[in-house]
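Chains as they are written, first to last, in numbering that gives the first Met the number 0: chain A, 0 to 113; chain B, 0 to 113; chain C, 0 to 113; chain D, 0 to 113.
A hint or two may mislead.
Given that identical chains are not distinguished, each listed pair holds provided it fits within a single copy or across any two copies.
Quick list of in silico lysine-lysine cross-link-like pairs, BS3-like style, CA-CA up to 27 Å [stated by the list, open to error]:
1. K15 <-> K103
2. K96 <-> K63
3. K29 <-> K96
4. K29 <-> K99
5. K63 <-> K49
6. K103 <-> K49
None of these hints come from the bench; they were simulated from the model.
4 protein chains.
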Amino acid sequence: MDDNGTVQAVKARISKFRDERDWLKYDTPKNPAIAISIEAAELLEHFQWKTDEQISRFLRDETKMNEVSEELADVIIYCLGFSDVLHIDVSEAVERKLNKNREKYPTTKQQLAT
Amino acid sequence: MDDNGTVQAVKARISKFRDERDWLKYDTPKNPAIAISIEAAELLEHFQWKTDEQISRFLRDETKMNEVSEELADVIIYCLGFSDVLHIDVSEAVERKLNKNREKYPTTKQQLAT
Amino acid sequence: MDDNGTVQAVKARISKFRDERDWLKYDTPKNPAIAISIEAAELLEHFQWKTDEQISRFLRDETKMNEVSEELADVIIYCLGFSDVLHIDVSEAVERKLNKNREKYPTTKQQLAT
Amino acid sequence: MDDNGTVQAVKARISKFRDERDWLKYDTPKNPAIAISIEAAELLEHFQWKTDEQISRFLRDETKMNEVSEELADVIIYCLGFSDVLHIDVSEAVERKLNKNREKYPTTKQQLAT
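Next up, chain A with everything else stripped away, as it sits in the complex (with noise of 0.2 Å):
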């Protein structure tokens, strides 16, 4: 679906569950962020205390897998829905934000077009 499917869509996917529960009220837009916040430790949780072989071991498993998906899934879910509130336009601020990026650190290896 990556492949396929638009921001926009997935986007929109966020927003239509967020208002068939009239959810918008409690986007502040300081509790979106307090939750992207809560939503990122849960998802460090996931690595607390492994060392990167063990990471790598428990990632062949299935199950953890789902489990580390969903976690970033919400991660994204918050960051859609705080974009979405905000009116910003995710890929845009991306590739802004790369842009930036390249000042700083910039890459003396010849660049291939996309």
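Model the placement of chains B, C and D on the given structure of chain A, informed by the hints.
Chains B, C and D only, in chain A's frame:
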């Protein structure tokens, strides 16, 4: 761009930026999970100590709004970078999580087809 | 106990618990730094989506209050464990930071001697 | 100072600093809970992308070590400020949590009296 670009296109731009700098080796994936948490906190910092009224006033300032967009971009860059390393289809993971949430938080409202 | 116990006494109880389980090896100190962040998010989770009114009502409930105290204890346990591993005198570090903040945020109010 | 100062003495210095600036009104307590999370992330940032070897080397640098101590102090300042607002006895909360953890993670090793 969210309207016409796929999620995969955004992921590809992020992976290209990373590969041009040979940074894949840092995506352990414990490191990007840590990065997501740190960037989420930097986003939250913009709303810290502020009331909802102060926040809506401060978001009318274009400079502030750009700063917030940039912090959100950072969270998303690490989320998509993380998803790339672990081969997680973000659109699918979001869809699966929304379906799970639909069961957890049912709505009696008639649901419109998308 | 805060009234008559030293900070060192609390630190000693935490280190003793850790050493009885031979857990010092996990305090890398990257790991406890990660743990502090995760526990901080679990504390924050108790206030998520709630207004200040809802929070003050919910804190009148003793069970809820105990849960909040327990999450705060977790953050402090990892903070003091971290300080033990790095030989940081917490009282001194706090004093130094408050002095720095005093210069940053001067007060014109007459300051009473402690 | 950890050796001879009580936890209450540290809390009192933090509350005094706050009250001299009339900042109690901001301790809602949702705000300090948010602050704990943000400061925890700033502490974690010092260890970001670094291996354990790089971290132990960088902690031999006194300037770096002072920066880390300062970030830890920030987390603790907000934790103790939070505990003050909610009348939580930190030493007692830590003791209670350690006892709970003792049941969860029993040890067969003979336990020495403190």
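Within, between, both or neither: K29, K96 at alpha-carbon 27 Å: both (22 Å within a copy, 22 Å between copies)
Alpha-carbon proximity between K96 and K63, which holds within one copy, between copies, both or neither at 27 Å: between (32 Å within a copy, 15 Å between copies)
Within, between, both or neither, where K15 and K103 count as close if Cα-Cα is 27 Å or less: between (38 Å within a copy, 16 Å between copies)
Alpha-carbon proximity between K63 and K49, which holds within one copy, between copies, both or neither at 27 Å: both (14 Å within a copy, 25 Å between copies)
27 Å Cα threshold - placement of K49 relative to K103: Between copies, since 19 Å is at most 27 Å while 32 Å is not.
27 Å Cα threshold - placement of K99 relative to K29: both (26 Å within a copy, 25 Å between copies)
Every hint from the earlier list agrees with this structure, and none is contradicted.
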